[in-house]
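> Sequence:
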Amino acid sequence: MINPNAKGARVALAQRSSFWGRHFNDSLLEVPPNVASIPRALERLQRKGVRVLAMLGGDGTIQQTVTAANKIWGAEQRPAALILKGGTANALAKNMGIRSKPGDLLRTYLARVSQGRTDGIRIHDVPMLEVEDGFDHTIRHGFIFAGGLVYESIRRYRESKNPGPLEIFKQAAYPLWARWFDRDGGKDYFKSPRMTIDIDGRMHIDDPIHVLTLATLQKLTLWYAPFSGDISSTNRFYGMINHQDADEAFAHFFDLALGRKDMPRNVNGLFEEVCIETTAGYVLDGELYARSQPYRVRITRGPSLRVLTLTGI
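Numbering (my numbering) for the sequence shown: 6 to 318.
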């Protein structure tokens, strides 16, 4: 399964005749042009008896594909996943220690299984979040749910005319600079949306939320790893909710960026259930879900994704 719009997929598609075409006939290679086409592509693969699903794309590609696969196969019968990193952040691949180029990883896997070898192939059950969205009455499964400043930064980046490293730096640095010098955009950036949040039925927050991050992965991107603890034998997930006022958030901007825990009005721990009522959108594994009217979203632990990794590559 290839996302043709993913950053790392363009090279792979260009090499299709020289590599992909040698290993896959058209009936086993799916390149859905958009999200709406993913379920039909998976249904075709299901009819072929596919038991391992190689996915080339970013975290959003994986999230959308797995969500659709859960509905088609069911979480228990869903194929194992071979992650071929092709996105921008590749958070899941990095947490799994997957560093190989997509073509090299797939070539090695196919060579081993064609020889009947299982040595060096490891199986991991990676927990996922289950997101029940009351806005569109849809259940999604992913690894990182985020709101507040994270959503706003990604939204601005996606809407920029020239996305790239310079734009990433601009979205990260400009709000701080503009707030410090009282320029346009600085104050607006720190006017975070109000959310009503209930955590495990024991903690209630009704404040503007600057940072809301829920995840089943410890390392979210680059240096940002704000979580600790083991969730493998529990029904919990990691969570950080920052509900400082605008001045506090500005004063602790670098603490927030570095994922530090010891700050006023900053909740960091392991949760079983988080229910949110708001009008703000959210991000799930890099995919934006914009919202314009009040809705409720409930996040719990979902099914695990069986991921295959290879040693010696």
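No lab work stands behind these hints, which were simulated from the structure alone. These numbers were taken from a predicted model, which means no experiment stands behind them. Every residue gets a Cβ at the ideal spot worked out from N, C-alpha and C, and that includes glycine. Incorrect hints may have been included.
[What the hints assert, rightly or not] As a list, the in silico DSS-like pairs of lysine-lysine whose alpha-carbon atoms are at most 25 Å apart:
no.	residue 1	residue 2
1	266	99
2	224	12
3	99	12
4	106	266
[Stated by the list, open to error] Computed Cβ-Cβ distance ranges for the label pairs, DEER-style:
no.	residue 1	residue 2	range
5	274	318	18 to 28 Å
6	161	38	39 to 49 Å
7	77	130	34 to 44 Å
8	122	102	46 to 56 Å
9	299	104	24 to 34 Å
10	124	201	50 to 60 Å
11	311	229	38 to 48 Å
12	166	226	36 to 46 Å
13	318	259	30 to 40 Å
> Does each hint hold? Answer for all of them.
Now the hints, each set against the structure:
1. Simply put, residue 266 and residue 99 have alpha-carbon atoms about 23 Å apart, close enough for the 25 Å limit, and the pair holds.
2. Of the supplied pair hints, the one linking residue 224 and residue 12 holds, its CA atoms being roughly 21 Å apart against a limit of 25 Å.
3. Taking the CA atoms of residue 99 and residue 12, the gap is near 16 Å; set against the 25 Å cutoff, the hint holds.
4. The straight-line distance between the Cα atoms of residue 106 and residue 266 is roughly 35 Å, outside the 25 Å bound, and the hint therefore fails.
5. Taking 18 to 28 Å as the suggested C-beta distance range, the pair residue 274 and residue 318 does not conform, at roughly 36 Å.
6. Evaluation of the 39 to 49 Å hint for residue 161 and residue 38 yields a failure: the beta carbon distance comes to about 26 Å.
7. In this structure the hint that residue 77 and residue 130 lie 34 to 44 Å apart at CB is violated, the actual value being about 20 Å.
8. Separation of residue 122 from residue 102 is about 20 Å and departs from the stated range, judged on CB atoms against 46 to 56 Å.
9. Our hint of 24 to 34 Å for residue 299 and residue 104 is violated, since their Cβ atoms are close to 43 Å apart.
10. Separated by about 52 Å at the C-beta atoms, residue 124 and residue 201 satisfy the suggested range of 50 to 60 Å.
11. Remark: the range hint 38 to 48 Å for residue 311 to residue 229 is contradicted by a beta-carbon distance near 26 Å.
12. For the pair residue 166 and residue 226, the beta carbons lie near 23 Å from each other, so the given range of 36 to 46 Å is not met.
13. The hint said 30 to 40 Å for the Cβ distance between residue 318 and residue 259, and at roughly 37 Å that hint holds.
Hint compliance for this structure: hints 4, 5, 6, 7, 8, 9, 11, 12 are broken, all remaining hints hold.
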